[in-house]
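Student: Take a look at the letters that make up each chain.
Protein chains: 2
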Amino acid sequence: VTETAEPVSAPPATPHQVPAGMTAPAAPGPLADAVGEVRRRTAAEEARTIVAGTNLATLATLSDDGHPWGSFVAYGTLADGSPVLCLSTLAEHGRNLPRDPRASLVVAANPGDNDPLDSGRVTLAGAAVVPTGLELEDARDAYRTAVQDAAAFMDYGDFTIYVLQVDRVRWVGGFGRMDSTDASAYHAAEPDPVAGAAPYAVAHLNDDHEDALLDMARALAGYTDATAVRCTAADRYGLDLVVHTPRGRAQTRVGFAAPISAPNGLRSATVELARRSRALLDA
Amino acid sequence: VTETAEPVSAPPATPHQVPAGMTAPAAPGPLADAVGEVRRRTAAEEARTIVAGTNLATLATLSDDGHPWGSFVAYGTLADGSPVLCLSTLAEHGRNLPRDPRASLVVAANPGDNDPLDSGRVTLAGAAVVPTGLELEDARDAYRTAVQDAAAFMDYGDFTIYVLQVDRVRWVGGFGRMDSTDASAYHAAEPDPVAGAAPYAVAHLNDDHEDALLDMARALAGYTDATAVRCTAADRYGLDLVVHTPRGRAQTRVGFAAPISAPNGLRSATVELARRSRALLDA
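Top to bottom, those sequences are chains A and B. Just so it is clear: in the first sequence, position 51 is 51 by this note's numbering, and no numbers are missing. Count along the second sequence from 1, add 1000, and you get the number used in this note's numbering.
In isolation and in its complexed conformation, chain A is listed as follows (with noise of 0.2 Å):
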């Protein structure tokens, strides 16, 4: 087995019934303790966060026989991330609605480079509510200012105003990374402000610091003989990273000094990092 053959394991043991003679994943653990908290976005956070990063999902209503329908959708968000929706009744979801608000809507982040299916999603389900008065305006607000073109279409007879009342809320982040949350801890959680400017910081490090994300790998999170490291994902708490090591590879991640709370904020908490990590090499 050459290195490059090795899987990249998931933090958790697989929960998978994995068949007998089947190799699960395996990956080298640090050979140091990490230093520094190590922090990751919550199921909320990373549910508020898919949400503000599109206005596009797949709506699930119930037919009249009972049947689940599927339905592709835009949506506005209000500032606690409740969906709005803006549905016509020539629609098929548009009818079922009104006979029955139950309705679940999954929203999809961009895979950009990686594998939709190690890629994050997630599902709020609960009931979709027709708003009135002050509510009314607040959602016609969200909804013209996520949909292009909304003017031309909102205020036809045939469409009616949505709110989805969240009650449950699944994420999952990828293989392995998934977690459920209720309806409070996602209306108090924030989106990432770093998750536009993620991408390109990501490939940025990349391809001009990788001696930076090295040091960091050695110096914090234990992998001691890391000899090549890349960066997979960067969020408002840390990076993550994946190792090559003579014993195989990993995935690891490291912590900044504090969350970022500003859009513009990575760099800056990226290069302390870099500075922390090259000092404790040195010291």
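Check the hints yourself; a few may be wrong.
Covered stretches of chain B (in silico footprint by chain A; criterion: 3 or more residues with CB under 8 Å from a CB of chain A, positions within the stretch not fixed) [stated by the list, open to error]:
#, segment
1, 1069 to 1079
2, 1107 to 1120
If you anchor each label on the Cβ, the simulated ranges turn out as follows [unchecked claim]:
#, chain 1, residue 1, chain 2, residue 2, range
3, A, Gly133, B, Met1022, 36 to 42 Å
4, B, Val1129, A, Asp207, 44 to 50 Å
5, B, Gly1053, A, Val129, 32 to 38 Å
Since the hints were made in silico from the structure, they are not lab data. Cβ coordinates follow ideal geometry from the N, Cα and C atoms, glycine included.
We have chain A; now place chain B onto it with these hints.
Tutor: Chain B in isolation, oriented as in the chain A frame:
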């Protein structure tokens, strides 16, 4: 109202309930009769083409309380267009289907540079059944062919292969373009063989051959006063065009001499269309 501010109407009059005071979209008609047959893909062909174009979809199933549950899935496709799923009981959808096989699958076409809301998507509704014997082998092959790394998990004990037996098909092509079809038409239809090559062909026509597109609009589509033309889509039967005239903008279409049956057939069919148009204008 300037010309560029005028909406490009969908071919049929809008069935939407337009409020008093709002103008329904309108566009100028052709000044001469169209020449030649103008065929469009059927809803079944559109559906088969969209399903053949990707391996990612959203599945709607029923949770134990009857709530519609949407989730992101990968799929393969049998020769007759039936989708193949491979689902784990670790995921909610994999626990839902053994209890209630009713499901629908939503597949969206890659919108490219177009508005995703004005792009194709399809809902396939039916029952997800567990194949056996030769049908299971066929389904496993289809899934493995379509889904990268499927071999790494499809034999895990918590995964089950399902085939969605399609009962009902709803295609939406974009604003004002939609139709339903049934299982027999869906299974009998072919995916468009030129779907993969079409985006490049459209870009090339717009970049380098607007003169030929103008000839087509003037000679074949009856827009004798066309001043500029843009191709918006190409398929095995013809080209969709947006025509600019002193009277405003309009959508129209020109048809190939015969349906294309090979993936590389767009060039020669388009050349024939350009020559025929030029000959008519020179006559």
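Student: Does each hint fit the structure? Answer for all of them.
Tutor: Structure-based check of each hint:
no.	hint	verdict
1	1069 to 1079	holds (count 5)
2	1107 to 1120	holds (count 4)
3	A:Gly133 with B:Met1022: 36 to 42 Å	violated, 23 Å
4	B:Val1129 with A:Asp207: 44 to 50 Å	holds, 48 Å
5	B:Gly1053 with A:Val129: 32 to 38 Å	holds, 35 Å
When the structure is compared with the earlier hints, a violation turns up for hint 3 alone.
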